[in-house]
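Colleague: As you go down the protein sequences, you meet chains Y and L in turn. The numbering of the first sequence is the numbering used here, which starts it at 1114 and goes up by one. The numbering of the second sequence is the numbering used here, which starts it at 142 and goes up by one.
Worth flagging that the hints you see were computed from the coordinates, not collected in a lab. One thing to keep in mind: the hints can contain errors.
Unchecked claim - Dumping the calculated DSS-like pairs for lysine-lysine here, alpha-carbon to alpha-carbon at most 27 Å:
#1 K159/L with K1208/Y
#2 K1171/Y with K150/L
#3 K177/L with K1162/Y
#4 K182/L with K1213/Y
#5 K177/L with K163/L
#6 K194/L with K181/L
#7 K177/L with K1213/Y
#8 K181/L with K1213/Y
#9 K1162/Y with K1208/Y
Each chain, letter by letter, is given below.
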Amino acid sequence: AQSVTQLDSHVSVSEGTPVLLRCNYSSSYSPSLFWYVQHPNKGLQLLLKYTSAATLVKGINGFEAEFKKSETSFHLTKPSAHMSDAAEYFCVVIKRGDYKLSFGAGTTVTVRA
Amino acid sequence: DTEVTQTPKHLVMGMTNKKSLKCEQHMGHRAMYWYKQKAKKPPELMFVYSYEKLSINESVPSRFSPECPNSSLLNLHLHALQPEDSALYLCASSQAPGQFSYEQYFGPGTRLTVT
């Protein structure tokens, strides 16, 4: 079985400062991992994915994440936050060959001007 | 094009009404999904269609009835809903899993209010 823990329910940063969103996972098998973002009253947008190639994954809008198998972590970072980054972020894991995504509880990001 | 479209954007219905939600994708994906999302929560899987056949039903009440008329379209028929069914309903699609699993692409959702 897969599970995901997002270690922060809410993160507040100032515009122009780094953002770190923490995610730990557990999986019986080598998983695929994703980060999605959801702006208010919108659908989910894929930020980036890890599928067993490079452990440092670059995504859209300047986000990147590093897969660390020894720490079972997949933390999301961005060097400089923008006001448009204010949203809900979900860390997601899926077992290879499966249909069902396992979502973390989500992290709400607010960006202060 | 990685777009999944959903109609309508908003829907208000009474508990005795019958309505349908529609979802469309043109990415050639053979897996399509319905999710329900309550405020401040992650999406919950309801149904999965793979190659136009119902593959997973997550014990969803029968007042929700999915339909996949072809490989690009997915419907969710609603009947005799309860106020607690009010939520954002999201459609998603992906390549059908095989040796690997693939990212799912989500539509913008239908905001449903049951009165």
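Colleague: Confirm or reject each hint.
Modeller: Going through the hints against the structure:
Distance hint between K159/L and K1208/Y is unfulfilled; the C-alpha atoms sit about 36 Å from each other, more than 27 Å. With a CA separation close to 32 Å, the supplied pair K1171/Y and K150/L exceeds the 27 Å bound. For the hint linking K177/L to K1162/Y, the alpha-carbon distance of about 23 Å falls within 27 Å, and the restraint holds. Straight-line distance between C-alpha atoms of K182/L and K1213/Y comes to about 17 Å, which keeps the hinted pair within the 27 Å bound.
Between K177/L and K163/L, the direct Cα distance comes to roughly 14 Å. Compliance with the 27 Å bound is thereby established for this hinted pair. A distance of roughly 31 Å separates the Cα atoms of K194/L and K181/L; the hinted pair therefore is violated under the 27 Å criterion. Proposed proximity of K177/L and K1213/Y is supported: the alpha carbons are some 14 Å apart, at most 27 Å. Taking the CA atoms of K181/L and K1213/Y, the gap is about 20 Å. The hint holds against a cut of 27 Å.
Using a Cα cut-off of 27 Å, the hinted pair K1162/Y and K1208/Y holds, with the two alpha carbons roughly 13 Å apart.
Consistency note: the structure conflicts with the earlier hints numbered 1, 2 and 6.
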